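Using the hints provided, position chain B relative to the given structure of chain A.
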Amino acid sequence: MERINEILKKYFEGTSSLSEEKELKTYFNGQNIAEEHEVYKAVFQNFVSEKSEQTPQITPIKAIEKPKRTFKRNIFLTISGIAATLLLMITTARSQTLSEDYVISNGKRINNSEMAQKLAEEKLSKSFSIINQSMEPMDNLGKIEKKLEKVNKVSNIKDNNKNKTLK
Amino acid sequence: MEVQKFNSIFSMLSGKLFRLAKSMLHNIEEAEDALQEIQLKLWEKRTELDDVENIDGFAMRSMRNLCLDQIRKSHETSDFTPELESEYKNPYQQTEIKDMAERIKKLIDRLPEMQRSIIRMRDVEEMEIGEISYIMEMTENAVTVNLSRARLKIKTQILNELQLENNIIWKE
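So the sequence lines, in the order shown, correspond to chains A and B. With the numbering used here applied, the first sequence corresponds to residues 1 to 167, in that order. With the numbering used here applied, the second sequence corresponds to residues 1 to 172, in that order.
Next comes chain A alone, as it looks inside the complex (with noise of 0.2 Å):
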């Protein structure tokens, strides 16, 4: 009695420790109750049978599981896979041809190089030569230009003249 006395002031001081609790619990789950401890018998059983109330069902987590391979299966991948890399290797093979230089030449395909490169620095010269025929009348602009300039100079001495035999 006295033991039980004993823990059950510590138990109120938050004190007790496991061990203690639970032979609170033993003694008052029992039949050997004294009559002064009565008055905490429903405390002591509340907690036991707050433990021992039913959990909702979980549905457990489900792993990832790889689909199990059958025969067609094993077909279809096989033959896909086969068509797969033959159409990666023609996409490939056509690439590079297409990679190759050329030049097309009044509608025609020239391969060589060399040949390619002359042709092009033959139309390079001939369209530098067009750009200088072009810019030609240009010059002769500038001389125009030049050429009013002193006749301009001209009319102004007139001009001034005229104003002073006015005044």
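Take every hint as true, because none was put in to throw you off.
Below, computed lysine-lysine pairings styled on BS3-like, alpha-carbon distance capped at 25 Å:
hint: 1; chain 1: A; residue 1: 25; chain 2: B; residue 2: 155
hint: 2; chain 1: A; residue 1: 22; chain 2: B; residue 2: 106
hint: 3; chain 1: B; residue 1: 153; chain 2: A; residue 2: 25
Just so you know, the hints here were simulated from the structure itself, not pulled from any lab data. Note that the structure is a prediction, hence the values are computed from the model and not measured.
Just chain B, lined up with the frame of chain A:
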């Protein structure tokens, strides 16, 4: 962490986690939802769980934080739970509460959230003070003080009720 190991750990913890959620949220359906939510959250953190020393404590702490978030969202401030005395009903009003254990449960439910969680972790789940202090994110001393207060409130309330009952019987 592998799926099988995770499932076995979670099934062992589910009772504890569910009771904590039920105690905090006061609603069985919401507690069930919280249990499912915490299962998914922990599964998402499965790689971290391998490095966690105390998985029980980690899971309980996560559940408490989840419930606190839910309480905040529903604008329920548990700290303003009325004091036990103010909600006292005389024995005639309590006729619907037949079972004495059920009455104790109601008394605990009326404690402030912090004391309610601590008393249940200790007296129902039988957790060490150190473990409770980790889950509650407070010092061991603060846990002991709150535990003592909660237990004394229950004791005072029971004694008051008994005194009232005896007075009524004596008057009759």
